[in-house]
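Visitor: Below, each chain spelled out in residue letters.
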Amino acid sequence: MIDSLIDKDWVEALWLILDFALAVLLLGLAAAAVGTRDLRRGIALFIAFGLLVALVWARLRAPDLALAEAAIGAGVSGALLLAALRDVPPSGLPSVGARGLPLWLLNLGSVTLAVLLGWALLLALAGSDGIRLADLALANLEHSGVSNPVTAVLLNYRAYDTFLELGVVLAAVLGVLALGPARRSVRPAGPVLNSLIRLLLPLLIVTGGYLLWIGATAPGGAFQAGAMLAAAAVLLRLGGDATAGLPGAVGQRWLLALGIAVFAAVGLGVSTGGGAFLAYPHDWAGVLILLIEAAAMLMIACALALAYLGGRPAGWTIGDREGG
Amino acid sequence: MLPEYIVFGLTGIGLFVIGLRAALVQAAALARILAINVAGTGIFLVFVTLAYRGHDAAPDPVPHALVLTGIVVAVSATALALALVRRLPATPGEDGDD
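Listed in order, the protein sequences are those of chains A and B. Here my numbering is used: the first residue of the first sequence is 454, the next is one more, and so on. Here my numbering is used: the first residue of the second sequence is 615, the next is one more, and so on.
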């Protein structure tokens with residue numbers, strides 16, 4: 454270990470410097486991203502901010518979150534915001550003072566809120582008895598069917614939360630679909646981007662499959678894998694594919710329903726033996742979790758791709774009206 | 615004695631307040647959506663700091679799972695908000711910039 458070679462105080466000091474540098478960079482990038490008048494610049498800074506947040510998750514020993522943040526928080530959110538920038542006329546982006554409120558009052562309120570919240574956090578930590586759910590979660594890991602504790606929490610101990618979360622994703626994407634047709638396709642990309650897409654696409658799909666499989670034992674899982682597939686769809690769309698590689702409207706409906714349908718079917722299936730909803734039998738837990746995650750990955754990928762398109766792709770019909 | 619990694623928790627609070635203030639001050643809907651995302655990240659940072667238990671101890675996986683759920687919900691909400699913004703100019707009775 455390198456710790457034994459270097460004086461322990463030095464290691465501690467280096468960690469402290471790193472932590473403070475990360476904190477200052479985070480606050481600076483956030484302030485720059487929300488404070489700029491040029492929205493395109495703000496979005497670029499927001500993507501950089503997301504990547505820095507992924508580094509912070511890695512620093513705080515949360516590799517699952519680092520993967521998700523890099524792929525979803527910085528990647529997909531950034532792509533969504535950049536795509537939405539095309540909907541806004543370039544002149545229509547004024548940054549004005551708070552409507553109705555004087556700015557000094559708002560600043561005073563912000564500082565007061567920050568101090569109050571900081572104080573509350575310090576009090577909460579100082580008064581904490583150190584008892585966490587962590588010990589319970591880690592102690593029961595061998596019964597969960599997976600060995601990655603975050604996957605165990607997501608799809609076993611608190612599977613009900615994740616089930617309802619997929620419901621939230623579905624509701625949001627239904628809202629997007631209901632609000633109007635998709636954006637018009639961008640003009641076809643040049644040969645350089647096209648050959649890059651040809652190289653990246655198989656890599657993204659293989660990475661998605663890998664993240665799904667490895668999620669049982671190491672950082673990864675359905676969300677990160679779904680974001681990889683969604684990234685592939687975004688690339689295809691940038692390459693000029695109007696439907697971003699998605700199947701037809703009927704196929705999209707099935708994909709969107711799949712995550713919740715498989716989750717519910719497994720949950721009800723295991724409860725027929727007298728158990729509770731989503732209480733997997735011990736021997737089957739690993740297989741059932743992989744099954745649910747595979748369906749959730751496809752659903753999330755489809756939902757994020759549709760979100761990037763910004764509405765109903767060609768072929769959707771609502772009532773009598775054609776979608777595209 | 616508080617652990618030194620509390621700096622991340624305080625940074626999280628800072629991010630939340632920066633995002634909240636910008637969401638109130640900015641006029642452009644897109645800028646406000648971006649600001650809400652920054653504020654949300656601040657809340658996630660507080661959670662993950664509370665999950666951290668030092669270099670040598672395994673962190674608490676429960677807040678990690680909650681934040682992972684939060685990241686996915688945040689991007690879904692962002693997508694819906696952006697779709698609403700896109701429809702805003704087409705709404706009758708609105709002049710689009712208020």
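Any given hint could be a false lead.
With the Cβ distance kept under 7 Å, some of the chain B side facing chain A (calculated, not the full set) [to be verified]: (1) GLY623; (2) LEU648; (3) ILE650; (4) ILE657; (5) HIS678; (6) LEU682; (7) THR683; (8) GLY684; (9) VAL689; (10) THR692.
Sample of chain A residues lacking proximity to chain B, with all beta carbon distances greater than 12 Å (derived) [said to hold, decoys possible]: (11) ASP472; (12) THR565; (13) LEU708; (14) GLY739.
Stretch by stretch, here's where chain B covers chain A in the computed footprint (C-beta under 8 Å, at least three residues) [stated by the list, open to error]: (15) 496 to 502; (16) 585 to 594.
Hints listed in this document are in silico derivations from the structure and should not be mistaken for laboratory results. Glycine residues also receive a C-beta, built at the ideal position from the N, C-alpha and C atoms.
Visitor: None of the hints should be skipped; say for each whether it holds.
Guide: Evaluation of the provided hints:
Restraint check, B:GLY623 versus chain A: the minimum CB separation of about 5 Å is within 7 Å; hint holds. Given the 7 Å rule on beta carbons, the hint for B:LEU648 holds: about 6 Å separates it from the nearest Cβ of chain A. The closest approach between the C-beta of B:ILE650 and any C-beta of chain A is roughly 10 Å, which is over the 7 Å cut-off, so the hint fails. Annotation: B:ILE657 was flagged as interfacial toward chain A, and the flag is violated, the nearest CB pair being 10 Å apart, outside 7 Å.
Hint status for B:HIS678 relative to chain A: holds, with the closest Cβ pair at about 5 Å, below 7 Å. Contact between B:LEU682 and chain A, as hinted, is supported at the beta carbon level, the nearest pair being about 6 Å apart and thus within 7 Å. Hint status for B:THR683: holds, given a least beta-carbon distance of 5 Å to chain A, under 7 Å. Hint status for B:GLY684 relative to chain A: violated, with the closest Cβ pair at about 9 Å, above 7 Å.
Below 7 Å, beta-carbon pairs count as interface contacts, and B:VAL689 has one with chain A at about 5 Å; its hint therefore holds. About 6 Å separates the beta-carbon of B:THR692 from the nearest beta-carbon of chain A, less than 7 Å, and the hint is met. Annotated as non-interface, A:ASP472 brings its C-beta within 12 Å of a C-beta of chain B; the closest such distance is 5 Å. With 12 Å as the threshold on Cβ separation, the claim that A:THR565 sits away from chain B is violated: the shortest Cβ distance comes to roughly 10 Å.
Distance check for A:LEU708 against chain B: the nearest CB is about 15 Å away, which clears 12 Å, and the non-interface claim stands. No beta-carbon of chain B is positioned within 12 Å of the beta-carbon of A:GLY739; the least distance is around 17 Å. Look at the stretch 496 to 502 of chain A against chain B: 3 of its residues bring a Cβ nearer than 8 Å to a Cβ of that chain, three or more, so the hint holds. Look at the stretch 585 to 594 of chain A against chain B: 5 of its residues bring a Cβ nearer than 8 Å to a Cβ of that chain, three or more, so the hint holds.
The structure fails hints 3, 4, 8, 11, 12 (numbered hints given earlier, in ascending order).
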